[in-house]
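Protein sequence lines correspond, in order, to chains A and B. Each residue of the first sequence is one higher than the last, beginning at 0 in numbering that gives the first Met the number 0. Each residue of the second sequence is one higher than the last, beginning at 0 in numbering that gives the first Met the number 0.
Derived by calculation from the structure, the hints in this document are not laboratory data. All of these numbers come straight from a predicted model, not from anything done at the bench. Possibly wrong hints are sitting among the right ones.
Claimed, not checked - What the simulated footprint calls covered on chain A by chain B, stretch by stretch (three residues with Cβ under 8 Å from a Cβ of chain B suffice, anywhere in the stretch; the number is not a length):
id : region
1  : 22-28
2  : 51-60
Stated by the list, open to error - Chain B regions said to be covered by chain A (calculated; three or more residues, Cβ under 8 Å):
id : region
3  : 143-152
4  : 165-175
Beta carbons are placed, not taken as given, at the ideal position from N, Cα and C, and that holds for glycine.
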Amino acid sequence: MTFLNLFRRRGSAPVARERLQILLSYERATRGQSDLLALLREEILAAITKHITVERENVQVRMDRGASVSTLAIDVEIPNSAGLLVAAGS
Amino acid sequence: MAKVLVVTSGKGGVGKTTSTAALGAALAQAGQKVAVVDFDVGLRNLDLVMGAERRVVFDLINVVQGVAKLQQALIRDKRLETLWLLPASQTRDKDALTEQGVADVIRELRGKFDWVICDSPAGIERGATLAMRFADAAVIVTNPEVSSVRDSDRIIGLLDSKTEKAEKGQRIEKHVLITRYDAQRAARGEMLTIEDVLEILSTPLLGIIPESEEVLRASNIGSPVTLSNAASSPARAYIDAARRLKGDDVPMTIPSDRKGLLDKLFGRRAA
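Construct the complete structure from the given sequences, taking the supplied hints into account.
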């Protein structure tokens, strides 16, 4: 994956940071400490899976926490055949 | 009024015992009356790190079970008059600790000392939860490394739910102490930075202890690093952290060892 190579050139710490942020927001949510970003991620993914079957590895989630603004980016690979399934189902 | 502090981390090997000894000694060096208490029942090591391993007669379990009085189990440090150690038992297992027994010992220690510093065992089991149970404040020792940060996050969750303070609806004071930090590697993007760790854990910083060979040297000779070489970078970092614990406003720096001409000429073996 090319974007991983990009990180590697800048050192591995940004990868560590990103992995931790994603993991911990999930773990905090499962411990009952509500976390808005994690909640949104789960609900958005649930909404997507209502319509199509997505493999977990085809979903890239990125979260960035800032002092005033945080961002959540969800990248979902949707196979072209998925559209046909929805069309056939409706 | 005494303050009960737990030094905890979740993950093992990040520097809880080293930090307990160094912070305890630094507070005692500043004139405070300090008891350091080893909660790692079955795997005690605070006695060894503090150089008191041959002076242990009674231990925490003996006191909890009423076999010995607190005064009989407390060991006074040979270098610092106001520093005392309550060792853990090496032969018993952690089930010998009861919550009521620990509560009684902590209450008695509160009456005798300014600071009671509890060295937690690794993990999240009974020993670790009892070590934090009656704490007013926590020092979460974290290495700038993914597994340590993850475990620290877990421990922060426990501090906010399983301590007596948390159950009463009060806030336990929490501080992150980053150990084994290498500023150069962080600058090169090879190690999580201080900002990364603090942002992920959303907990205030107590201090930054740089990676240093002095820490191993101190444990080799059985001395808190603030006593074995007070001028070394980790010692200065621990002394600053102890001052912050006391409420002093100390600017946050990452001490470094600049080798002087004499050090370069004679190497670093002279102690």
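Practice task
Please write out, lowest number first, the hints stated earlier that are contradicted by the structure.
Solution key: Of the numbered hints given earlier, those the structure breaks are 2 and 4, listed in rising order.
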